[in-house]
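Trainee: Chains A and B are the protein sequences, given in the same order.
Under UniProt numbering, think of the first position of the first sequence as 1, with each following residue one higher.
Under UniProt numbering, think of the first position of the second sequence as 1, with each following residue one higher.
For the record, the hints were derived by calculation from the structure and aren't laboratory data.
As the structure is a prediction and not an experimental result, all values here were calculated from the model.
It is possible that some hints are incorrect.
Claimed, not checked - Okay, derived cross-link-like pairs now, DSSO-like style, lysine-lysine, Cα gap no bigger than 30 Å in a straight line: (1) A:K340 / B:K340; (2) A:K246 / B:K317; (3) B:K246 / A:K262.
Unchecked claim - From chain B, some residues computed to sit far from chain A (all C-beta separations above 12 Å): (4) K79; (5) E153; (6) S213; (7) K246; (8) E251.
Claimed, not checked - With the Cβ distance kept under 10 Å, some of the chain B side facing chain A (calculated, not the full set): (9) Q46; (10) K47; (11) Q50; (12) I231; (13) V235; (14) R237; (15) Q240; (16) G242; (17) T248; (18) N327; (19) L328; (20) F330; (21) T352; (22) I355.
C-beta atoms are modelled at their ideal positions from N, C-alpha and C, and glycine is treated no differently.
One letter stands for each residue in the lines below.
There are 2 protein chains.
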Amino acid sequence: MASERVPSVVVVGAGGVGVICALSLCTKGKSEVSLVVRSDYNHVEQKGYQIDSCDYGKLDSWRPHHIFKTAEDAASEGKFFDYIIVTTKNIPDGPVHSKVENIIKPMLLNNHSIDATRQSNILLIQNGIDIEKSILETFDQKEYNYTILSGIEIVGSTKIATGTIHQIGTEKIFVGAFQPDDSRAKEAAKQFVDIYLNEGQNAAEFDPRVRHSRWNKLIYNAAINTTTALIGLDVPRALQFGVDGKSTEFEIFRPAMKEIIKIAASEGIILDEASIDIFTNISRNLMFKPSMCVDREKGQLMELEVILGNPISIAKKNGVDTPILSNLYFLLVMLQGKLKEANGLIKFDEETCRIVN
Amino acid sequence: MASERVPSVVVVGAGGVGVICALSLCTKGKSEVSLVVRSDYNHVEQKGYQIDSCDYGKLDSWRPHHIFKTAEDAASEGKFFDYIIVTTKNIPDGPVHSKVENIIKPMLLNNHSIDATRQSNILLIQNGIDIEKSILETFDQKEYNYTILSGIEIVGSTKIATGTIHQIGTEKIFVGAFQPDDSRAKEAAKQFVDIYLNEGQNAAEFDPRVRHSRWNKLIYNAAINTTTALIGLDVPRALQFGVDGKSTEFEIFRPAMKEIIKIAASEGIILDEASIDIFTNISRNLMFKPSMCVDREKGQLMELEVILGNPISIAKKNGVDTPILSNLYFLLVMLQGKLKEANGLIKFDEETCRIVN
Chain A
1 MASERVPSVV
11 VVGAGGVGVI
21 CALSLCTKGK
31 SEVSLVVRSD
41 YNHVEQKGYQ
51 IDSCDYGKLD
61 SWRPHHIFKT
71 AEDAASEGKF
81 FDYIIVTTKN
91 IPDGPVHSKV
101 ENIIKPMLLN
111 NHSIDATRQS
121 NILLIQNGID
131 IEKSILETFD
141 QKEYNYTILS
151 GIEIVGSTKI
161 ATGTIHQIGT
171 EKIFVGAFQP
181 DDSRAKEAAK
191 QFVDIYLNEG
201 QNAAEFDPRV
211 RHSRWNKLIY
221 NAAINTTTAL
231 IGLDVPRALQ
241 FGVDGKSTEF
251 EIFRPAMKEI
261 IKIAASEGII
271 LDEASIDIFT
281 NISRNLMFKP
291 SMCVDREKGQ
301 LMELEVILGN
311 PISIAKKNGV
321 DTPILSNLYF
331 LLVMLQGKLK
341 EANGLIKFDE
351 ETCRIVN
Chain B
1 MASERVPSVV
11 VVGAGGVGVI
21 CALSLCTKGK
31 SEVSLVVRSD
41 YNHVEQKGYQ
51 IDSCDYGKLD
61 SWRPHHIFKT
71 AEDAASEGKF
81 FDYIIVTTKN
91 IPDGPVHSKV
101 ENIIKPMLLN
111 NHSIDATRQS
121 NILLIQNGID
131 IEKSILETFD
141 QKEYNYTILS
151 GIEIVGSTKI
161 ATGTIHQIGT
171 EKIFVGAFQP
181 DDSRAKEAAK
191 QFVDIYLNEG
201 QNAAEFDPRV
211 RHSRWNKLIY
221 NAAINTTTAL
231 IGLDVPRALQ
241 FGVDGKSTEF
251 EIFRPAMKEI
261 IKIAASEGII
271 LDEASIDIFT
281 NISRNLMFKP
291 SMCVDREKGQ
301 LMELEVILGN
311 PISIAKKNGV
321 DTPILSNLYF
331 LLVMLQGKLK
341 EANGLIKFDE
351 ETCRIVN
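Construct the complete structure from the given sequences, taking the supplied hints into account.
Mentor: Listed below in structure tokens is the structure:
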């Protein structure tokens, strides 16, 4: 990228994470920020966002530089986006239009048509493992001249009403290159930290070992996110409702976490076993419902494949035994089917007892 | 029992099973039948039952010989009950008064005080394994002079409204002695078949090997009842919503069934593996929700301990590995905790994140 040019950024997904992401960028003032708002578009266009943020205070009628109703609208403006940031849920088994490769497609193609020599950087601020693969399989990396960046975001931020964001936990983001040998991606990740970090407000760090970080986060998500989603319980209740207050921890959480550590090891990624204690204890005494549990209770599809399906595929490929994780997966697949039916994504015929295509 | 005396029977539990049980006995006309009605008492006392039965036709204002509001009321009439039949759910982790040993207590004690030399026969028409043990542990069998009979009931009967019973499936009951060496129990079971069987209407058979039959039924209940309860799905959907329509069957149902067969074998009970196919296919193409699933959806406690907890205890004692069943159990224990909290049986303090005693 030319140094004199202010990078242009588009954020797709205007939930609790996406809006704070746009706000952090705008606060820094080193980029031009577009946000794809979709369902809240009319409200935000007229009234802007109402934000109550522990990092940035109370904001009324806040807007980023540009808002768009769809990714297609953003792409049709004739603007090159140096960073295409996706903050939606990653649900490869969900509706076609919500798959990550389809979300970025209009903007990546538009960038390519504007200037094929200029580098696009796709930043996925999403859960799970192997989420970059469908992009690499869909778009030739040389032809479309892009890098893929990983964002691991820790932020207690929720859209509590239309155009209304409530952030209660300080934002911390780790950004790095999905492909460890891609030096251009590393540079882009470092530049992103530079246009994102607001000292004394949020935190942003370059992540030199993305896969390691993602597997580490998966220790929590694959064990605790999944279990609580299956039962529909916050973490403290899930722990206390076990046999003698112990079986959830010692028969599910900890063995499942160990299975993730074994799968990661089979990929050459050595995780610190201390994470098991940390993640088991992190919300033992704190009322917290992980995201998959929240999704299930809202009747929305869960990020099941990227959190559990993909790690299990890797385990199978590498010959790692995963009795607990596999059982959780095969149970959650049924729950996901129930959610799909409730959302009209599949139809079940009670006469033939079969899914109708 | 003296042959000239008509046996006196009390049925505790007036749901779909209990009312048809009383009706079968009354139709035969060889016993004096009392029914403990509890919640529907006032309605039934005034208007009797409205019954639509595939076995006995449409009945209006039907009543057995006697109705009582509680087991205590039944016991206080000064009447000796030759058969004490329990058709309630068996939930040892439920409220104290609903434990089976407490349900039968007033009548067994009353029988004992009326005539300690006369034999009481306790017939448990309930799901699960080892359900006779709490009775044997609570009441000395010689002192209280009782036998325990096992009833396995197949009947599509439901209480669809207050005092209103709808029976769509012909009743079939298998009755035998829980204790295989108890010849008095075997005689009592055979006599029961005699006072119960209405040729051409219902079916009743003496069961010479009770534990075998119960373990066989457990093949279905421990695998399919449990899984569908966990997700809240009927059996056909549970099967079809698996990965490629297969994982529920091949990764959960069939392996779980095999574990039950292994546990039974460790107890010297050799089950026919053909049951796995039979039970997997029995409701593949038939909309059906097993009882634990129905209970969960009604917000009622599930028969988790007698269907899954007890077999797993036996497996542990005998060194049988049960990865699938144990995982289902530790998940369902959390769901049972959620149901207990919703029913006010436990309290959870969100400040301390602990169950309050």
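Trainee: Please go over all the hints and tell whether each is borne out by the structure.
Mentor: Here's how the hints hold up against the structure:
This hinted pair checks out: K340 of chain A and K340 of chain B have alpha carbons roughly 29 Å apart, not beyond 30 Å. Distance check on the hinted pair: K246 of chain A and K317 of chain B sit about 20 Å apart at the alpha-carbon level, within 30 Å; holds. Taking the CA atoms of K246 of chain B and K262 of chain A, the gap is near 26 Å; set against the 30 Å cutoff, the hint holds. Every beta carbon of chain A lies more than 12 Å from that of K79 of chain B, the smallest distance being close to 42 Å; the non-interface claim holds.
Distance check on E153 of chain B: its Cβ is at least 26 Å (rounded) from any Cβ of chain A, clearing the 12 Å threshold; non-interface status holds. Consistency note on S213 of chain B: stated as away from chain A, and its beta-carbon is indeed over 12 Å from all of that chain's, at 28 Å minimum. For K246 of chain B, the shortest C-beta to C-beta distance to chain A comes to about 10 Å, within the 12 Å cut-off, and the non-interface label is violated. In this structure E251 of chain B is not separated from chain A by more than 12 Å, as the shortest Cβ-Cβ distance comes to only about 5 Å.
Contact between Q46 of chain B and chain A, as hinted, is not supported at the beta carbon level, the nearest pair being about 38 Å apart and thus beyond 10 Å. Using the Cβ-Cβ criterion of 10 Å, the hint placing K47 of chain B at the interface with chain A is not satisfied: the shortest such distance is roughly 35 Å. Because the beta carbon of Q50 of chain B sits about 28 Å from the nearest beta carbon in chain A, more than 10 Å, this interface hint is broken. About 5 Å separates the beta-carbon of I231 of chain B from the nearest beta-carbon of chain A, less than 10 Å, and the hint is met.
With 10 Å as the threshold, the beta carbon of V235 of chain B comes within range of chain A, its nearest partner Cβ sitting at about 9 Å, so the hint holds. Taking 10 Å as the C-beta contact cut-off toward chain A, the hint placing R237 of chain B at the interface holds, the least distance being around 6 Å. Given the 10 Å rule on beta carbons, the hint for Q240 of chain B holds: about 5 Å separates it from the nearest Cβ of chain A. For G242 of chain B, the interface hint holds, since its Cβ comes within 10 Å of a Cβ in chain A; the closest pair sits about 6 Å apart.
A least Cβ separation of about 6 Å between T248 of chain B and chain A falls short of the 10 Å threshold, and the interface hint therefore holds. Taking 10 Å as the C-beta cut-off, the interface hint given for N327 of chain B holds, the closest approach to chain A being about 5 Å. Against a cut-off of 10 Å between C-beta atoms, the interface hint on L328 of chain B holds, since the closest Cβ of chain A lies about 8 Å away. With a least beta-carbon distance of about 5 Å to chain A, the hint placing F330 of chain B at the interface is held under the 10 Å criterion.
Here the hint on T352 of chain B is kept, as its CB sits about 8 Å from the closest CB of chain A, short of 10 Å. For I355 of chain B, the shortest C-beta to C-beta distance to chain A is roughly 5 Å, which falls under 10 Å, so the interface hint holds.
In summary, the structure is inconsistent with hints 7, 8, 9, 10, 11 from the numbered list given earlier, while agreeing with the others.
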